[in-house]
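*Asks:* So you can see what is in the structure, the chains are spelled out below.
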Amino acid sequence: MSVFESREIFKEVIVGFFNLLGDTPLVADKLMASKMVIRFIYSDPDLAVVVDCSGDAMDVRPDDTDTKALVEMSMKADIAHKFWFGKVNLTMALTRRQMVAKGPIPKILKLLPAIKPSYAMYPKYLDENGYSQYNIH
Amino acid sequence: MLPEFYQFHHPTKVIYGEGLVNDFAHELEELGVKNYFIVSDHVLNGLGLIQQIREGLEEAGFTITGEFYDVPQDASVEAVESISRQATDSGAQGLIAIGGGSVMDATKAANVIFSEGGDLVEDYSGAATLTRTLKPFIAIPTTAGTGSENTIIAMIYDVANKTKLAFSDKYLLPDLAVLDPVMSQSMPPGLTASTGMDALTHAVESYLGVDTSPHSEALAVAAIKYIFKYLVRATQKGDDLDARGGMLIAANMAGSSFSHSMVGCVHAMAHAVGGLTRVPHGVANAILLPHGMEYNFDVCKEKFAELAPVMGVDVTGKSIDEAARGAIAAVRDLGRQLYALDALPVRLRDAGVPEESLPAIAEAATEDGTIVYNPREVMAEEILVHLKNAY
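So the protein lines, in turn, are chains A and B. Counted the way my numbering counts, the first sequence spans residues 65 to 201. Counted the way my numbering counts, the second sequence spans residues 46 to 436.
Next up, chain A with everything else stripped away, as it sits in the complex (with noise of 0.2 Å):
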């Protein structure tokens, strides 16, 4: 069984994420230096999101499949979750298949780093929204 009972409840979740890292210099600056859009396409729930680092800020776009994007990730929700609290290496998420990145593998390693602080933000967001049934403790 998946982590999230619904589609509704992981977009608020995942989209309210990525807002909240849009709005921390520390980790969207260097979001926006790369400049990249990139479309997160996730499964069960099914839902697509598009991150858009192309202008003055980050835009977080759920529903977007028409946008052209230069790195487009794919997994299961539940992995994406478990990927917030620094619990998924990419690298071996993407040797294994559980994520699929089309596009410059490089450009996409190159964010590690910057998205680092993120993975201590993730379960105090949730505890903080109202969202503490799916933190991991």
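Since the hints were derived computationally from the structure, they do not count as laboratory data. Hints are supplied without guarantee of correctness; some may be wrong.
[As the list claims (entries may be wrong)] Pairs of lysine-lysine, DSSO-like flavour, derived with a Cα cap of 30 Å:
hint: 1; chain 1: A; residue 1: K99; chain 2: B; residue 2: K58
hint: 2; chain 1: A; residue 1: K171; chain 2: A; residue 2: K140
hint: 3; chain 1: B; residue 1: K58; chain 2: B; residue 2: K79
hint: 4; chain 1: A; residue 1: K99; chain 2: B; residue 2: K209
hint: 5; chain 1: B; residue 1: K433; chain 2: A; residue 2: K171
hint: 6; chain 1: A; residue 1: K174; chain 2: B; residue 2: K209
hint: 7; chain 1: A; residue 1: K140; chain 2: B; residue 2: K209
hint: 8; chain 1: B; residue 1: K215; chain 2: A; residue 2: K151
hint: 9; chain 1: B; residue 1: K348; chain 2: A; residue 2: K180
hint: 10; chain 1: B; residue 1: K348; chain 2: A; residue 2: K151
hint: 11; chain 1: B; residue 1: K209; chain 2: A; residue 2: K180
hint: 12; chain 1: A; residue 1: K180; chain 2: B; residue 2: K215
hint: 13; chain 1: A; residue 1: K94; chain 2: B; residue 2: K433
hint: 14; chain 1: B; residue 1: K346; chain 2: A; residue 2: K174
hint: 15; chain 1: A; residue 1: K174; chain 2: B; residue 2: K207
hint: 16; chain 1: B; residue 1: K348; chain 2: B; residue 2: K274
hint: 17; chain 1: A; residue 1: K132; chain 2: B; residue 2: K209
hint: 18; chain 1: B; residue 1: K346; chain 2: B; residue 2: K363
hint: 19; chain 1: A; residue 1: K174; chain 2: B; residue 2: K215
hint: 20; chain 1: B; residue 1: K346; chain 2: A; residue 2: K132
hint: 21; chain 1: A; residue 1: K171; chain 2: B; residue 2: K215
hint: 22; chain 1: B; residue 1: K348; chain 2: A; residue 2: K174
hint: 23; chain 1: A; residue 1: K94; chain 2: B; residue 2: K207
hint: 24; chain 1: B; residue 1: K215; chain 2: A; residue 2: K146
hint: 25; chain 1: A; residue 1: K94; chain 2: A; residue 2: K140
hint: 26; chain 1: B; residue 1: K207; chain 2: B; residue 2: K270
hint: 27; chain 1: B; residue 1: K346; chain 2: A; residue 2: K180
hint: 28; chain 1: B; residue 1: K207; chain 2: A; residue 2: K171
hint: 29; chain 1: A; residue 1: K171; chain 2: B; residue 2: K363
hint: 30; chain 1: B; residue 1: K270; chain 2: A; residue 2: K94
hint: 31; chain 1: B; residue 1: K207; chain 2: B; residue 2: K346
hint: 32; chain 1: A; residue 1: K151; chain 2: B; residue 2: K346
hint: 33; chain 1: A; residue 1: K174; chain 2: B; residue 2: K363
hint: 34; chain 1: A; residue 1: K140; chain 2: B; residue 2: K215
hint: 35; chain 1: A; residue 1: K132; chain 2: B; residue 2: K207
hint: 36; chain 1: B; residue 1: K79; chain 2: B; residue 2: K180
[Claimed, not checked] If you anchor each label on the Cβ, the simulated ranges turn out as follows:
hint: 37; chain 1: A; residue 1: E69; chain 2: B; residue 2: D164; range: 35 to 43 Å
hint: 38; chain 1: A; residue 1: P181; chain 2: B; residue 2: A70; range: 54 to 62 Å
hint: 39; chain 1: B; residue 1: P399; chain 2: A; residue 2: K140; range: 30 to 38 Å
hint: 40; chain 1: A; residue 1: D127; chain 2: B; residue 2: L47; range: 39 to 47 Å
We put the CB at the ideal spot given by N, CA and C, even for glycine.
Model the placement of chain B on the given structure of chain A, informed by the hints.
*Replies:* Here is chain B on its own, set in the frame of chain A:
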């Protein structure tokens, strides 16, 4: 300490033997197809090496439907598309790559669209984008460096966008790798030395990296042992088939090792040097390897100390620090021996790197994808110190 999790996946059959390229047709029987398209380069064809292989396969009842010899030094998207198109038009059912890293990478990538159709860049660049086994693919390396015949990676140059595209997928691995020392004996000393040091860099960085595992370590150690035993000999005397064979095996093992555990800051610096100054990848790695080891010294000294005896250092009575320093000195000494043979530069200035480019190289190195595997965070200002030392 054991890793929390790792996996080792190695479906490629590796066969080794002197003169094997004239006698491997029976290995192809189990792949189930008869029509093959050859990808190689004009130099090898000019040496008559392709003709031998073609004749051997034809005598065994296989058909060579066509040949492609125009892979550029940096395997390009255009070359990959041409290979796929020509192989398809010729009625081929499988591909044979005979050459160095560019030829093998181009053929690996070509097999993707040859097997699956579609657009190489749009549909397949990235990691784990394939969903099933591709058409039969045989790799016969003629250099002992990249180990591409044993890696899940193909690097392809996108000329239009001036970027290197990475393709990473277990389905890219060849079905069969044929290691025949006869095929590499025509390599000139400079190329022998630089490709061999590239293989050494793969092995050392894979051994140190954050994703290392017991399997990848074992292969790295064996590769390092062989490189220290055979590289100078192969460079000195190209027709020493034992040395050529030892280096082919070493590069193959180092390839498998880094295909699982990746590389680190030496490659980050070498990619930056190559991108900004066009110094060949193996030469840049050869110069920068001891400096990258210095950079990682504090966090890797135990591992360097483990490698020291493998590199021929007598560690009797030595402390960890002393043994670790011995490993770095051994790598420097190997570089100097190759320099003495006029096969390699040991300083960036001698490779034609302008001094004023060093800050840009340091900056570019910190933006390379390989830094995430380095055991220590890669900082531009600290990397610059080591680049200056290498200058």
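*Asks:* Flag every earlier hint the structure violates by its number, smallest first.
*Replies:* 1, 20, 26, 29, 30, 31, 33, 39
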